[in-house]
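**Student:** Model the full structure from these sequences, guided by the hints.
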Amino acid sequence: MTTAADDNGGELDPDRHARAEHRLGTVGVAHRQVTADEATAANLAWWDADADDYQAAHGGFLGDADFVWCPEGVREADARLLGDVRGRRVAEIGCGQAACSRWLATAGAHPVGLDLSPGMLRHARAGAARTGIEVPLVQATAERLPLADGSVDVACSAFGALPFVASIETVFAEVRRVLRPGGPWVFAVTHPIRWIFPDDPGPAGLTASQPYFDRTPYVEVDGDGHATYVEYHRTVGDYVRALAATGFALEDLVEPEWPAGHTRVWGQWSPLRGKLFPGTAIFRARACP
0 MTTAADDNGG
10 ELDPDRHARA
20 EHRLGTVGVA
30 HRQVTADEAT
40 AANLAWWDAD
50 ADDYQAAHGG
60 FLGDADFVWC
70 PEGVREADAR
80 LLGDVRGRRV
90 AEIGCGQAAC
100 SRWLATAGAH
110 PVGLDLSPGM
120 LRHARAGAAR
130 TGIEVPLVQA
140 TAERLPLADG
150 SVDVACSAFG
160 ALPFVASIET
170 VFAEVRRVLR
180 PGGPWVFAVT
190 HPIRWIFPDD
200 PGPAGLTASQ
210 PYFDRTPYVE
220 VDGDGHATYV
230 EYHRTVGDYV
240 RALAATGFAL
250 EDLVEPEWPA
260 GHTRVWGQWS
270 PLRGKLFPGT
280 AIFRARACP
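Going by numbering that gives the first Met the number 0, the residue at position 261 of the sequence shown is 260; the numbering climbs one at a time, nothing skipped.
Keep in mind the hints are simulated off the structure, nothing from the lab. Just so you know, not all the hints are guaranteed correct.
Said to hold, decoys possible - Pairwise CB distance ranges (calculated):
no., residue 1, residue 2, range
1, I195, G86, 41 to 47 Å
2, D213, D51, 42 to 48 Å
3, A244, S208, 36 to 42 Å
4, R143, D51, 22 to 28 Å
5, D51, P258, 46 to 52 Å
6, R129, R214, 24 to 30 Å
7, F212, G107, 39 to 45 Å
Glycine is no exception: its CB is placed at the ideal position from the N, C-alpha and C atoms.
**Tutor:** In structure tokens form, the structure reads like this:
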């Protein structure tokens with residue numbers, strides 16, 4: 000199990016994931032195919048079980064009203080990957096505690112935050128209470144967005160939803176449906192190259208051990224073999240083809256370098272690994288007319 004660290008590089012509780020696993024009865028790991036319904040149920044339960052510990056571990060780094068794209072610390076205020084959001088309707092897919100949506104509101108946008116987990120949305124409401132920045136929040140799976148056709152100008156996702164859904168094509172098609180022509184769709188995910196390495200921030204995480212082309216999902220299971228956590232792997236090409244197939248034109252692929260002086264360890268992200276290969280991929284696409 001990996002050990003997270005706080006914003007100053009100090010060790011956090013190494014049993015954070017163990018608590019969620021205990022609550023869900025997780026006893027082991029499998030690599031097997033998973034249906035969409037099983038993945039949705041497992042990840043809904045996981046993020047509800049882990050929501051409090053996740054916020055305690057990472058809330059300080061993510062902020063209450065800040066748009067942080069990734070563990071490397073890329074901020075939308077600097078990167079401007081979404082363009083000018085003033086007056087724009089923005090859908091944040093997999094918003095978690097919705098710090099990004101609250102930042103968007105301060106930048107003059109009209110955001111809505113969507114997330115599968117009531118536990119994460121509870122933290123989103125708490126963040127609104129702390130900041131006084133209210134944004135609409137909707138519980139929904141990314142595969143079925145409860146938004147009208149062409150109702151948003153911009154769509155974004157910072158490590159939300161995409162690794163946990165059975166079909167990114169389904170998600171992309173939904174995003175294209177709700178996005179007006181020409182609107183940007185920008186999302187950050189774990190860089191696909193990370194799949195081939197153990198999920199470890201230390202030296203053990205520098206040796207390739209898993210085939211890049213093996214898309215078999217990573218599944219944690221309980222004593223009856225039911226999934227308690229599901230994560231899917233896609234290659235870079237899989238993302239590119241899925242975007243093209245659902246009506247998007249890819250404009251950029253950002254692979255952030257690890258910043259000098261950035262000492263934070265977040266799960267498998269660390270300065271050691273970050274100086275050798277990318278940990279995040281940020282895709283910027285635009286809805287074709």
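**Student:** If any of the earlier hints don't hold here, list their numbers in rising order.
**Tutor:** 2, 3, 5, 6
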